[in-house]
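A.B. asks: Each chain, letter by letter, is given below.
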Amino acid sequence: MDLFRAHVLVCGGTGCTSSGSAELIARFEEQIAKNGLDKEVKVIRTGCFGLCEAGPVVIVYPEGTFYSRIRVEDVDEIVSEHLLKGRTVQHLVYKEKAAEEEQHATLENIDFYRPQMRLALRNCGVIDPENIDEYIAFDGYKALAKVLTEWKPEDVIKEMIDSGLRGRGGGGFPTGKKWQFAAASKADQKYIICNADEGDPGAFMDRSILEGDPHSVIEAMAIGGYAIGATEGYVYVRAEYPIAVKRLQLAIDQAREYGLLGKNIFGSGFDFDMYIRLGAGAFVCGEETALMRSIEGGRGEPTPKPPFPAVRGLFDKPSNINNVETYANIPLIINKGADWFKSIGTPGNSGTKVFALGGKINNTGLVEVPMGTPLRDVIYKIGGGIPNGKAFKAVQTGGPSGGCIPAEHLDIAIDYDSLTSIGSMMGSGGMIVMDEDNCMVDIARFFLDFTVDESCGKCTPCRIGTKRMLEILERITEGKGEEGDIEKLEALANNIKSTALCGLGQTAPNPVLSTLKYFRSEYEAHIKEKRCPAHHCQKLLNYEITDKCRGCTACARVCPVNAITGSVKEMHHIDTTKCIKCGSCMEKCRFGAIVKN
Amino acid sequence: MKSLAELEAIRAKTLEKVAMRKEGDDAVRIVVGMATCGIAAGARPVMLKFVEEVQKRNLQNVTVSQTGCIGMCRLEPMLDVIMPGKEKVTYVKVNPDMVSRIVAEHIVNGRPVQEYTIGAAEGK
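Order-wise, the sequence lines are chains A and B.
Position 155, counted from 1, in the first sequence is what my numbering calls 224; the numbers after and before it change by one each time, with no gaps.
Position 32, counted from 1, in the second sequence is what my numbering calls 37; the numbers after and before it change by one each time, with no gaps.
It should be emphasised that the hints constitute simulated quantities derived from the structure, not laboratory data.
We treat Cβ as the ideally placed atom computed from N, Cα and C, and that holds for glycine.
Hints are supplied without guarantee of correctness; some may be wrong.
Simulated DEER-style distance windows between Cβ atoms [what the hints assert, rightly or not]: (1) A:337 with B:17: 19 to 29 Å; (2) B:17 with A:457: 27 to 37 Å; (3) B:17 with A:406: 48 to 58 Å; (4) B:113 with A:459: 51 to 61 Å; (5) A:522 with B:18: 47 to 57 Å; (6) A:221 with B:113: 35 to 45 Å; (7) B:105 with A:326: 32 to 42 Å.
Just chain A, same shape as in the assembly (with noise of 0.2 Å):
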């Protein structure tokens, strides 16, 4: 193999790939050849940047250029000019919102990336993800040679408590204590397993992990295979994620080829293997019992706890589960120890944690900064604010099973612990930022419609009792809202909670209690006034005509339903018992003279 003085890098992840960066790789390796450059200069597709707004994104290394938003007819000029010239094509870095324009941008001095700290997504848009040669250069599987030949199993969970690491999927349970329990179970056979069915509306990072670092997943779970004395290893990842799939998969090939997955791996006389399981897209079999069952090959519904899956997990045996983003930060810390690790983030939350930024945000994509990092810095500094000047509203955090945090607590410093203290939750890591305009209402509508739908319907607070409460949302949004509607969801809410079988039900009324809690005026305008504060509710709208009316007759001719009358010339009227508050008048008034409240 050649040594290669440049390496142009262009994102295949599934943000960019749906921008067509398949065909950018094409054009590039084109184009490359025809400039003669080909034994100088390598193609690479990597897995996601993080910078999903951007996309496509190319970087050319040695300098580290870092290319936004490529279309296809820009790639000659990136060769011919810097492949072939070394000159970087200025018009085509990326620029931040408020940089000045000369800067040469680079992936260490973008706003987006310098406040971030990235562990679990350290090899995400570096290493090509489809050669375990790559992630072995960059220190790849020798956590697993080194816990292999030098330390007991006992060591290894020491270490992973020590560590202070807590899992990622968002119940935030040490995975050091996990592991314990598991590994004190006594069984002929053990399981460990990854949970891949990243469900949650907004949330990618498992995805963008198993795309752009499938063998950190590997590796890791062979680690947590020899703690708990489990030979066999399953992911059960969503069929949504073919590209995720696909890398992972040829990565557990590629490590069977090798050695670093089947009999005696490194000699140390242990076995581990380790399968996929695809998920058929029910949200239900995230939640650890409904999974196993899925894995079973039974219908995904959860079932009691105890037995918890340590004692009593997949195939009836002893099964220790952790969440992909868990699994990533693992080799690390083998590799730096423990205390390196906690001296990252706060006391009591150790490390980092990735987020998936979207919704009315200016940066849309993934960012991975330490925990306790105030809530401002992630939707500012990286996020790059809000879009269109509009103003700050709240950000969702922990998707269904989470709760919105207004503007009075932006300051929060992100963890765990101080996520729930303000009835939100860490979850995943979705973080769905919502402006003025967003209803908070109609918010929580949103998600408990997306709740009722995913309920297995095996319980029934979660089955009936979510279906209840949506449709009192729907008619409050409707407009149809009436006196003790709040308290009966309140009421509802807390039944719920308390007496649902799994996770999905036992925080499915998170969004309308944290919506309650923040903007209960806001449910008050809805039910009482008749009213939508941000004037979203369609139902809830009513369009007037003010005295800045030039009677021009454009509102009266593009009305649908001819709720509009007036003369030439004359200040128009809206019939509101007419109006199907469709918006068209609005638009096409010159004038500014048609207002909604």
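Given the coordinates of chain A, work out where chain B should sit on it, guided by the hints.
C.D. replies: What follows is chain B alone, placed relative to chain A:
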């Protein structure tokens, strides 16, 4: 995989190929002027020779990259060797035959080849 040595061998073999993507500013950078003037004066074979030498000697932490014209076209092909903590050294009118000496004396042993540098050329 039967031993740590095997893993380390793969790591070492691949490391040189990915080193440019690793973090850390302790890398030695060889920057070759590759504007039209540089290319016309023969910068491409010079650069390729550097890549070849770096690979042959298995030098880690050395990157070969390009830059544009710095305005002294009459001295092309030109290149800079930038070592951490040291002043950059500019070589002028470089041809492929000079490359192995620059690599051996300067990159490997830290002694710039004075007679090839811009100081020597301009001093004449």
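A.B. asks: Which numbered hints turn out to be false for this structure?
C.D. replies: Violated hints: 2, 3; rest satisfied.
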